[in-house]
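Protein chains: 2
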Amino acid sequence: MTGIVLWHVTTSLDGFITGPDDDMSWSAGYGGTSLAEETIASIGAGLSGRRGYDVAKAHGIDRPYGGDWDGRIFVLTHRPPTEPDPYFTFLTGDLADAVETARVAAGDRNVVLFGADLARQCLQAGLVDEILVHVVPILLGDGVRFYDVPGGAQIRLERTHLGGSGQITDLRFRPETTPVRPG
Amino acid sequence: MTGIVLWHVTTSLDGFITGPDDDMSWSAGYGGTSLAEETIASIGAGLSGRRGYDVAKAHGIDRPYGGDWDGRIFVLTHRPPTEPDPYFTFLTGDLADAVETARVAAGDRNVVLFGADLARQCLQAGLVDEILVHVVPILLGDGVRFYDVPGGAQIRLERTHLGGSGQITDLRFRPETTPVRPG
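Quick mapping for you: the protein sequence lines, in order, are chains E and R. Note that the numbering used here numbers the first sequence so that position 131 is 131, with each residue one more than the last. Note that the numbering used here numbers the second sequence so that position 68 is 68, with each residue one more than the last.
For the record, the hints were derived by calculation from the structure and aren't laboratory data. Among these hints, one or two may not hold up.
Identical chains share a label here; the pair holds if one copy fits it or two copies do between them.
Here are the simulated SDA-like cross-link-like pairs (lysine to any residue), alpha carbons at most 25 Å apart as the crow flies [as the list claims (entries may be wrong)]:
#1 K57 x P81
#2 K57 x L162
#3 K57 x R174
#4 K57 x A125
#5 K57 x G126
#6 K57 x A105
#7 K57 x G31
#8 K57 x G93
#9 K57 x P86
Just need the whole structure built from these sequences, with the hints factored in.
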């Protein structure tokens, strides 16, 4: 038995994963959901893009999920830092190889994707098994978009779960693997 | 008893109300929800911005909701067309006056807002009582955003309903009336 590749993301109602200047304070204070807790407990390894790593470092964050998870995070980058990092393992290969490396490290548990750009690339390459979205009841208006593809690249999803706790809405989806490009 | 001012919007999971080039075809084929039907039946008048009107006209659409609703739609614009339109009534005053005109026309029923730009202005001015969002399980990547404010202007919401039919997720919110501007 092997785990799945999961894009786990918290978004504003209007589709932003950060506010301007990588602000994340808007998502604080809502509490977690039981599905979030189950998901975090299911993760065997993480995979992040370079931007996600840089933003985490800029915020002084070494561990995701407020420290509730302590596994290995791989960072796919063309420019690995010259100093090794105790919390992150840098990969310089291609996307599919990076996902496979994370899958092997995760064993029978799940791989979680961090960062919109890397997750979008994985999604478009058909490498994502499920998307779990926690929708926060706020409109931000600007920031880093959940799924940003100038010109558009539709991906239809199948909603497999609808729920929530308190003010947070949990939505779980299975993506179609082949992106549909309009025009 | 008077009705409420309702922003009624269908959005992609990633926060777009149209795809590129005002494409709406992505939202077809999912069927309606019972809450959508109830909402449409509750509407006494509509209020649209000029862009929403122009897009509807460009698509040859005179009536919203596939013709399931037949009330009066007011269009707030600085440039009313020179020819009268049998389906639309043009207003050239300010935003609050336009909402009031629509409220009077709606009587004890609700006013629905069409178009992201007008609805955003009403929301920021504290003129919106509720937001009803139907989330379609698709990622678009580009198009007209649900709530677009360069630089950001957070508005916190209270989720008052969570449900859905088929693949559509219904979310209903009550907005805080005073926008919070970060920075």
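Verification of the supplied hints:
1. K57 x P81: within (12 Å within a copy, 54 Å between copies)
2. K57 x L162: This pair counts as neither: shortest intra-copy Cα distance 33 Å, inter-copy 36 Å.
3. K57 x R174: For K57 and R174, the Cα distance exceeds 25 Å both inside one copy (31 Å) and across copies (36 Å).
4. K57 x A125: neither (27 Å within a copy, 38 Å between copies)
5. K57 x G126: Close neither inside one copy (29 Å) nor across copies (38 Å); limit 25 Å.
6. K57 x A105: within (23 Å within a copy, 55 Å between copies)
7. K57 x G31: Cα proximity of K57 and G31: one copy only (24 Å, versus 45 Å across).
8. K57 x G93: Close inside one copy (22 Å), not across copies (50 Å); limit 25 Å.
9. K57 x P86: within (12 Å within a copy, 59 Å between copies)
When held up to the earlier numbered hints, the structure conflicts with 2, 3, 4 and 5 and fits the remainder.
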